[in-house]
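> As a plain string of letters, each chain reads:
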Amino acid sequence: MARPMQVSRYWRHFREKYRLIGGKCENDHVHFPKRSICPVCGSRNVEEIELSGKGKVISWTIVRNPPSGFEYYKPFPLALIELEEGPVVLAQLTDVDPEEIDFGMEVEVVTKKIREFEEDGIILYGYKFRPPVK
Amino acid sequence: MRKAVIIGAGMTPVGEHWKLGLRDLAVEALLNAMDDAGIDKVDSLYVGNMISGPFVEQENLGALIADWAGLGNIPAVKIEAACASGGAAVQEGVKAVLSGLEDVVAVVGVEKMTDAWPSDATRYLAYAADAEWELFHGASFVALNALVMRYYMKTYGYTEEDLALFAVNAHSNGAKNPYAMFKRPIKVETVLKSPYVADPLKLFDASPVCDGSAAVIITTPEKAKELGVSKEKWVEVAGMGRAIDTISLASREDLLTLKAAKVAAERAYRMAGVTAKDIDFFEVHDAFTVMAALSLEALGVAKKGEGAKLAREGQIAIDADYPIQTMGGLKARGHPVGATGVYQTVEAVLQLRGEAPSQVPDAEIGLTQNIGGTGSNITVNVFRRV
Ligand SMILES: [Zn+2]
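Chain order of the listed sequences is A and B.
Each residue of the first sequence is one higher than the last, beginning at 1 in the working numbering.
Each residue of the second sequence is one higher than the last, beginning at 1 in the working numbering.
Bound-form chain A, shown alone (with noise of 0.2 Å):
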């Protein structure tokens, strides 16, 4: 199989991915993850804001054949999740039983192995979400 994930390319993400790093512009619009341009008015006025990775599901699905190089963690749970702040990302849930998950869920950010390659032994962490630890 190629290679398809190099360091340089991951290391380029990696304040996004482990601290959940997003824009906001001059008229306030949050997006997530960071972009040079307010995808909602165009302001190029955009400085960093680290998210608090609080959310809730807003829908989910169950990978049951995944791309290759994620075989060994199937089946798994993918959701779309609403950030308090706003913006709305796609990750994994973890630490859930699958009957559990629904609409409206609250969950939390968490830092997680995301990823294994083999080959080269280059490991991939990155924010996944489970429901919040009390």
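Read the hints as simulated data drawn from the structure, not as lab findings.
Treat the numbers as computed from the prediction; the structure is a model and nothing was measured.
Glycine residues also receive a C-beta, built at the ideal position from the N, C-alpha and C atoms.
There may be inaccurate statements among the hints.
Stated by the list, open to error - If you only want the chain B side, here are some residues facing chain A, beta carbon under 8 Å, derived:
no., residue
1, 119
2, 134
3, 137
4, 138
5, 140
6, 197
Claimed, not checked - Pulled from the structure, derived: some chain B residues nowhere near chain A, Cβ distances all over 10 Å:
no., residue
7, 24
8, 64
9, 178
10, 184
11, 220
12, 232
13, 354
The hints should help you fit chain B with the ligand onto chain A, whose structure is shown.
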């Protein structure tokens, strides 16, 4: 302004072509289209293809196909717009003719998908998604569509059964199409009993991985006359539109509005001088059943949230008000991704010539809609009988 007419159409059956490669399929479809028009040379070639690189390690498809089809030293390029590559290639061909730069243009759509392992095919298809923010998290294309499907059902109170009706309709029409991959009707139960691929999306909510190629020849009415092509073969490309939306699903303003289809359709309707009411049949992009429902809404055929209601009320059958997928759609004909938009075009041509196996009586105007990504890149074309 010049007008563009299609004077030749050809295709290969869709299926698992173990004995044929990408070039064999493309050359066969192309020569079928040229023979249909009765011509042996063209000014240029546009190739609709999505992912030949990963699938068969072949790019530079313009040179490959023009060379092997014996077309000489003409200009030839590949057009890529994810699964909408075929529809986009047809539009590029039409643009070349309308501009006056080229008089006789060939467009071929081709995809060879069955040479890859299934999980690799799943990965390659997901290249149409956002690599860093979707595929990175293990999202398959099916999974992204499943997220939309669940949200659609929840928002409007539809069931898996409601959406299954789109698959049933597609198979019912595809059963009569000799070029379709699946030539048998199915029942709602068939869809409901098929295994989940990404819940609530089941195997029979999705179009198959397959191989195929389709081609058309485009020219002006004046040139068609000069070439001696019988007028009965002509089909006018009356309108076209194309638009994009956010590449990632999470960035979408509204998960349940195919904004790109809406914008593209408005342009195509305006150019053709028609409204949704004037269209006699619709070839929508039913790669997944929920996409058929959302497409009908975006094209102005159904109100927002009522796309699946049209299926429930029996309004999408050949003899109903809004026939869709008259030759099986992506679901039953098959969806060789980059070729699909050209298959849709060929099918529209057959309908408007009155040669379709499931003919819509007296069809005058037809529409094809081709979706790339999860609605991120969409083409809409309107065709009219001459
Ligand atoms: Zn803004």
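> Beyond 10 Å from every chain A Cβ: check whether that's true for residue 184 (chain B).
Answer for residue 184 (chain B): holds, closest chain A Cβ roughly 24 Å.
> Once the shortest beta carbon distance from residue 197 (chain B) to chain A is found, is it less than 8 Å?
5 Å, holds
> Check the non-interface label on residue 220 (chain B): least C-beta distance to chain A beyond 10 Å or not.
40 Å, holds
> Going by Cβ atoms, does residue 354 (chain B) stay more than 10 Å from chain A at every point?
Given a closest Cβ separation of 41 Å, the condition holds.
> Is the hint on residue 134 (chain B) kept, meaning its closest Cβ partner in chain A is under 8 Å away?
With a closest approach of 6 Å, the residue 134 (chain B) hint holds.
> Once the closest CB in chain A is found, is it more than 10 Å from residue 178 (chain B)?
The claim stands: residue 178 (chain B) keeps its Cβ more than 10 Å from every Cβ of chain A (closest is about 30 Å).
> Just to be careful: measuring from the Cβ of residue 140 (chain B) to every Cβ in chain A, is the smallest value less than 8 Å?
With a minimum Cβ separation of about 5 Å from chain A (threshold 8 Å), the hint on residue 140 (chain B) holds.
> According to the definition I'm using, a residue is off the interface if its beta carbon is farther than 10 Å from all beta carbons of the partner; does residue 64 (chain B) meet that for chain A?
21 Å, holds
> Decide, holds or violated, for the assertion that all CB atoms of chain A are farther than 10 Å from the CB of residue 24 (chain B).
25 Å, holds
> Does the CB of residue 138 (chain B) sit less than 8 Å away from some CB of chain A?
OK, holds: residue 138 (chain B) within 8 Å of chain A, min 4 Å.
> Under 8 Å is the threshold here; is the Cβ of residue 119 (chain B) close enough to any Cβ of chain A for the hint to stand?
At 4 Å from the nearest chain A Cβ, residue 119 (chain B) passes the 8 Å test, so the hint holds.
> Hey, does residue 232 (chain B) actually stay past 10 Å from chain A on C-beta?
Nearest chain A Cβ is 46 Å from residue 232 (chain B), so the label holds.
No hint from the list above goes unmet by this structure.
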